[in-house]
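Taking the hints into account, I'd like the entire structure generated from these sequences.
Which chain is which? The protein sequence lines are A and B, in order. 17 is the number of the first residue of the first sequence in this note's numbering; add one for each residue after it. 8 is the number of the first residue of the second sequence in this note's numbering; add one for each residue after it.
By construction, these hints were calculated from the structure, which means they are not laboratory data. Among the hints, a few may not be true.
With a Cα cut of at most 30 Å, we get these calculated DSS-like pairs of lysine-lysine [claimed, not checked]: (1) B:Lys104 to A:Lys52; (2) B:Lys73 to B:Lys61; (3) A:Lys68 to A:Lys40; (4) B:Lys73 to B:Lys109; (5) A:Lys57 to B:Lys104; (6) A:Lys40 to B:Lys109; (7) A:Lys52 to B:Lys109; (8) B:Lys61 to A:Lys57; (9) B:Lys104 to A:Lys60; (10) A:Lys40 to B:Lys104; (11) A:Lys95 to B:Lys109.
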Amino acid sequence: ETAVFQTPNYHVTQVGNEVSFNCKQTLGHDTMYWYKQDSKKLLKIMFSYNNKQLIVNETVPRRFSPQSSDKAHLNLRIKSVEPEDSAVYLCASSFRNSGNTLYFGEGSRLIVV
Amino acid sequence: GQQVQQSPASLVLQEGENAELQCNFSSTATQLQWFYQSPGGSLVSLLSNPSGTKHTGRLTSTTVTKERRSSLHISSSQTTDSGTYLCAIVVSGGNYKPTFGKGTSLVVHP
Numbered sequence: 017e018t019a020v021f022q023t024p025n026y027h028v029t030q031v032g033n034e035v036s037f038n039c040k041q042t043l044g045h046d047t048m049y050w051y052k053q054d055s056k057k058l059l060k061i062m063f064s065y066n067n068k069q070l071i072v073n074e075t076v077p078r079r080f081s082p083q084s085s086d087k088a089h090l091n092l093r094i095k096s097v098e099p100e101d102s103a104v105y106l107c108a109s110s111f112r113n114s115g116n117t118l119y120f121g122e123g124s125r126l127i128v129v
Numbered sequence: 008g009q010q011v012q013q014s015p016a017s018l019v020l021q022e023g024e025n026a027e028l029q030c031n032f033s034s035t036a037t038q039l040q041w042f043y044q045s046p047g048g049s050l051v052s053l054l055s056n057p058s059g060t061k062h063t064g065r066l067t068s069t070t071v072t073k074e075r076r077s078s079l080h081i082s083s084s085q086t087t088d089s090g091t092y093l094c095a096i097v098v099s100g101g102n103y104k105p106t107f108g109k110g111t112s113l114v115v116h117p
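Structure, rendered in structure tokens:
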């Protein structure tokens, strides 16, 4: 049963446009993540939040910005998308102090034309 | 940084055969999780197994923490097992960075 919800699941846009992906978890977890999965299926962490605080900010272009209103929500905004941003963006959540078992959403596929 | 190596990169089986997937990691892990991803699908957690042996259905995971390795055994494979199997670790120190391997692509033929 899905408990990490992502919207939209699919988005096609042109180079230079702004895109936002939303993520909500109903598991009561205190930590949320954004991962990027490229065409080779490699998953790379982009950001991590614990109780609304940014704790991991990997080397991603500055056009990517996470936004967290509370510990159940973590959105991802991309200003001025580039072709290399085409990928699947996966949101996940976990409890920090309970083994960090990750639960993923279904992903948001971005295609930049 | 922490690294996760999975082998083999790909595996082709006939239905009914067993599969053995390996995950080796460079740092002491406080958490290790195996995931399944169907083509074009999302990640489904199979097992969380930071140490010892765990079973669920036809899956058995054995993690030897001191040797920094884990295995996932799939018995009596089925065509529906086809997909990508990913291993992820969390390193001690609480750095909130679950790190994934590149995965093993499994194809099971009827």
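Open item on the list: Which constraints among the numbered hints does this structure fail? Numbers only, ascending.
Closed with: none
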